[in-house]
Amino acid sequence: MGMASIISRDSDTISWTRPSHPKIEIQLVGQQPRIVNSYTTGDQINGTAIITVEHETPFDEVEIVLQGSSHTTIDHVPCGRIESEQIFLELRQPIEETEYLIPEVLEPARSYSFPFRFVVPDRLLPQACTHPRTNPHVHRAHTMLPPTLGDPMLAGDGKTLLDDMAPDMSRISYIIRVGVLRKPSSDHRQLETLANHAKKVRIIPTVEEEPPINVLDHPYYCTSKGKSGRHGPLRTKMGRLLASSSQPKPIRLLPPSYPRDNVSTVATVQLRFNPVGNEQPPQLGSMTSKLKASTFYSATPWADFPCQSGTILSGQGGRGRFTESIPLLTMCVSSAQWEKHTTSSDSDRRDSIHLITSEDLDDPSISFFKDNYYTTSVIIPITIPSSKTFVPTFHSCLVSRTYSLDLSLTYHTSGMNILAPTISLYVPIQITT
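Those letters in the sequence shown? Residues 5 to 437, by our numbering.
Hints in this document: simulated from the structure, not taken from any laboratory.
If you anchor each label on the Cβ, the simulated ranges turn out as follows: (1) N376 to T304: 48 to 58 angstroms; (2) P389 to H345: 32 to 42 angstroms; (3) D221 to D126: 28 to 38 angstroms; (4) S329 to I54: 44 to 54 angstroms; (5) E101 to K294: 56 to 66 angstroms; (6) V33 to D126: 13 to 23 angstroms; (7) L195 to L129: 19 to 29 angstroms; (8) H345 to G321: 46 to 56 angstroms; (9) R144 to Q287: 41 to 51 angstroms; (10) T102 to P389: 46 to 56 angstroms; (11) Q287 to L129: 50 to 60 angstroms.
On a predicted model such as this, the values are computed, not experimentally measured, just so you know.
For glycine and all other residues, C-beta sits at the position ideal for the given N, C-alpha and C.
Model the full structure from these sequences, guided by the hints.
Here is the structure:
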């Protein structure tokens, strides 16, 4: 019977070895105890692999690799649980022949050091994404370097785990892996692994702003909405409130040394009230904003962007979606002032047309080019909390992360004593670095 392997894990390392076989230690420049080193695009990952043995050990090769991989798990499908893995990045440290020992035997009571240096790339090789695609832009997105996601690691205080709002069903990991290899006694070409050791690294790549998302007939986003006020037992219409917004400028993640309470961006909600008669516009109440982080994961590569693929029910079709909602702000907007307009010119009509929804065009009781209408706007500051760990918006073959704003406005219509009605918008937003 062969000797059992030993697998050991802690917060930032994974080891696989056999008793009396080589022991491997990975030292990274700038390493702090129990904290995973973080890097971004263009950074150098410098370190040394140190190998020791208890007995003379013949070997043929030392392998040092920077590896990036994604893992997904799908439950509740007809065939049970499906687990998928993609290794999308493998950078190998060249080791010159002169660095090897002659003869190639590791001796006890000695320490063997192999320095390494990797540079974090900005893109993956084209062959990292070779699956069929229905959207011509998917290949470019899938060959961008994705960020570390869902891989448990300690925060900078050394006590708490980073919460990047990823489900257990999806993970993107980066490791430095060091192996000691030997040719087997048989004629098989594949080298035998005597020992393997890996150390986690956290990579948050540079991500630039992308063009705004096309939200027309989108399954998730709603950037314009209208509500009619009604009064009395006959439910007489009292005008219609229209709300509209657009994708704001991205939230840019700042380095840890920057203050976290800075306003990252602002969202603007444009409001228009179309009276039926001579009624006044409603009094605004409060505006509540939430940021929703959605993680999409799949057992098979995405042929299109997940947010364009229709409603996704967890587990169905080998796909899943996990969304976490983060409260941002509730602000009183009752002081907002309405401005009265008349549609006396074509330019006025053109300026207000963006606040008309498809529902409004089908409503014969509303005339959009009446003599009078009212407009106002609400500006909402967007500040992300420090209690969560945010990663940039990204799309990869198996895992994607997107963000949206949930903006809900309460208002009060004259003559109505019921609970204040609410009008809500769901607006896409990007997070960049």
